[in-house]
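Both chains come to you apart, so use the hints to assemble them.
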Amino acid sequence: MSVVTEIALEAFVLLRLGERRFALKANQIVELIAPSRVFRFPHRTTALEGVILRRGRIIPICDVSEQLVGKKLTVRRFYLIGHRLFGTQKEAIALPVSGDCELITAELTPRSESDLAHVTGWLSHGGDAIEVLNLEGLTPGPLATRAVSPFSHPVAEVRA
Amino acid sequence: MQAVAPNKARTPRAEQIILFRIGGQLFAISSASVQEVRSIDSLTGICHEIPSTSVRKVRHTVRRNDQTHYVVNGTVHFGIPAAPASLVFFLRHTPTALLIDSIEKMTTMTYLQALPLAFCHEERNWYRGLTPLDQTVVPVVRPEGFLSTEELTLLDTAVQELKKEAKGSAGAPE
Chain G
1 MSVVTEIALE AFVLLRLGER RFALKANQIV ELIAPSRVFR FPHRTTALEG
51 VILRRGRIIP ICDVSEQLVG KKLTVRRFYL IGHRLFGTQK EAIALPVSGD
101 CELITAELTP RSESDLAHVT GWLSHGGDAI EVLNLEGLTP GPLATRAVSP
151 FSHPVAEVRA
Chain U
161 MQAVAPNKAR TPRAEQIILF RIGGQLFAIS SASVQEVRSI DSLTGICHEI
211 PSTSVRKVRH TVRRNDQTHY VVNGTVHFGI PAAPASLVFF LRHTPTALLI
261 DSIEKMTTMT YLQALPLAFC HEERNWYRGL TPLDQTVVPV VRPEGFLSTE
311 ELTLLDTAVQ ELKKEAKGSA GAPE
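If you read the protein sequences in the order shown, they are chains G and U.
Residues in the first sequence are numbered consecutively from 1, following my numbering.
Residues in the second sequence are numbered consecutively from 161, following my numbering.
If we strip away everything but chain U, and leave its shape as in the complex, we get (with noise of 0.2 angstroms):
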């Protein structure tokens, strides 16, 4: 008998993912890519305004253990109806803090399947996989997917010119 080729599509091992809603939506994202949770409040004070880019989805950086993040919002990133964010994920190995309604649970996800090829926009970006949860179907978001290289190297284009205005008038006299 022939053995059965493993399904590459497939992850059998458990990861603990964090259901969470933006826009009413629901996603999951592995608990291991973020690396903290904080409410919109606690960012009053440390959130600084930056000019206005082709990155829609960006108009605010937290300064954060000597670095720089980039606050996304979610609503704009996958284009759904505006919701008001309460919380904000600060992700692991990418400058991004994420703009959240609400935390759903933590969970466990057993299966991840890749996105079908069908879906062949943006959206292979996004995502890692989707995942089947209690009777639902729950799309796992890929934590670098929010911001990309090009985003990215316009964001911090941005904040550097920031920075050198900022210089330029603290040193000129009144």
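With the rest of the complex left out, here is chain G (with noise of 0.2 angstroms):
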């Protein structure tokens, strides 16, 4: 007797930070452009480097990786806008990443309780465990708890 099991795939786009890879939900993601002038004026949010300027909307630009691999990027290719939950608001937020991103299906496996908060989940490609990321536990925002990070340093900053 064979047992079917159905498979959920799901679209995720892989990005790249350094030498290591990432993925968010394909639904998150907004578009991949090219590096544009920054905007910075003086804030507090020092996970914020400035805005971008994109169709005539101000984005906030947010370097995860030293979070995610521990070093600021010293190439920057492409910025990966992607759509990030304020609670029940939706608001773009770019992320600069270091290499090409990808399209795949994939299923997801569930995170553990073990995984850090900007983990939401892990899926399996070209023999490499990935971690799926999760925007709000990532990047700054009001009214939310810190990520926790084996690369985060201790900042005032508060973080889904």
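Warning: the hint list may mix true and false statements.
Said to hold, decoys possible - With a straight-line cut-off of 25 angstroms between C-alpha atoms, the simulated DMTMM-like cross-links for lysine to aspartate or glutamate are:
(1) K72/G with E283/U
(2) K323/U with E311/U
(3) K327/U with D226/U
(4) K217/U with E264/U
(5) K323/U with D294/U
(6) K90/G with E10/G
(7) K90/G with E283/U
(8) K90/G with E282/U
(9) K72/G with E102/G
As the list claims (entries may be wrong) - Chain G residues, not near chain U, derived (Cβ > 10 angstroms throughout):
(10) A8
(11) R16
(12) V30
(13) E31
(14) T45
(15) V69
(16) K72
(17) I93
(18) L108
(19) R111
(20) W122
Please keep in mind that the hints were generated in silico from the structure rather than gathered at the bench.
For clarity, every value in this text was computed on a predicted model and none was experimentally measured.
The beta carbon of each residue, even a glycine, is placed where N, CA and C say it ideally should be.
Here's what the structure looks like:
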């Protein structure tokens, strides 16, 4: 007797930060764009470095590489624009990435309790186990709890 | 066809703004929020030093039209490198006199985007939002954001104590 298991495949975007790859659910991604001028102004949210102007909209930039791979990106090839939820409100946020992005379908393995707050699950692709990122856990926002990362330093900032 | 819901973050009407610099950084403020612009030199003689408080950005007061204005050092407020100020904005509806480097120009903004929610610290009180202007993005300051209620209470208390001391020393026998 054979047991047929239904595998739920989902679409993900693979992104590269230095030598490592991470994934985001494809339905969170708006577009991938070439780096453009960064506008900086005084603020106290240290995880944000400024904003870019895209089709008349102002989008904050959050370099998550230090949290995820322990160092800032030296090469930025693209900005991956994603949607981040703030309660019920959805806003765009730009993540600098260091290489090409790839759209794949894979099965999501849900996160376990031991996973860090920025991990929403795992997927297997090309022999690698890849973290699926939780933007709400990775990028700053109000009324949120801070993500714990092996690379994160104690800062006054509050994260989801 | 379904109508597109209006975006609450957008403000379509035009608004007169003043572009100015603090510590070399460009900011905008609604011209309706500025009661008067004066040069620093014109404050000589009407400016009074106040004792040190935890409000580091205020070291002086100016008495004007029977009201005490607290002179706010903009570079300390925004945490940017110090720069010599040459002008002061007396703001409406707040006892704030803001030190600035210079006025860039007066212009009109037609679009003000709310500060993205990812900015989640003090800057939410500092700015009304951001406006794209002449190929750049300018933060539009909130006049009430320079001094919080707590800071005003601290400063009011310091000024009251200073007045009491002055009265006491004036009345003391020589």
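Verification of the supplied hints:
1. K72/G with E283/U: holds, 24 angstroms
2. K323/U with E311/U: holds, 18 angstroms
3. K327/U with D226/U: holds, 18 angstroms
4. K217/U with E264/U: holds, 23 angstroms
5. K323/U with D294/U: This hinted pair is violated, its Cα atoms lying about 48 angstroms apart.
6. K90/G with E10/G: Within the cut-off at roughly 21 angstroms; holds.
7. K90/G with E283/U: Distance of about 20 angstroms is within 25 angstroms: holds.
8. K90/G with E282/U: holds, 21 angstroms
9. K72/G with E102/G: holds, 22 angstroms
10. A8: Check passes; 31 angstroms lies beyond 10 angstroms.
11. R16: It holds; R16/G is separated from chain U by about 22 angstroms at its closest Cβ, greater than 10 angstroms.
12. V30: holds, 14 angstroms
13. E31: holds, 17 angstroms
14. T45: violated, 5 angstroms
15. V69: At about 21 angstroms from chain U, V69/G clears the 10 angstroms cut-off, so the statement holds.
16. K72: The claim stands: K72/G keeps its Cβ more than 10 angstroms from every Cβ of chain U (closest is about 18 angstroms).
17. I93: Since the minimum Cβ distance to chain U is about 6 angstroms, I93/G lies within 10 angstroms and the statement is violated.
18. L108: holds, 25 angstroms
19. R111: The claim holds: R111/G sits with its nearest Cβ about 23 angstroms from chain U, beyond 10 angstroms.
20. W122: Per Cβ check, W122/G is outside 10 angstroms of chain U; nearest 26 angstroms; holds.
Hint violations for this structure: numbers 5, 14, 17, all remaining hints satisfied.
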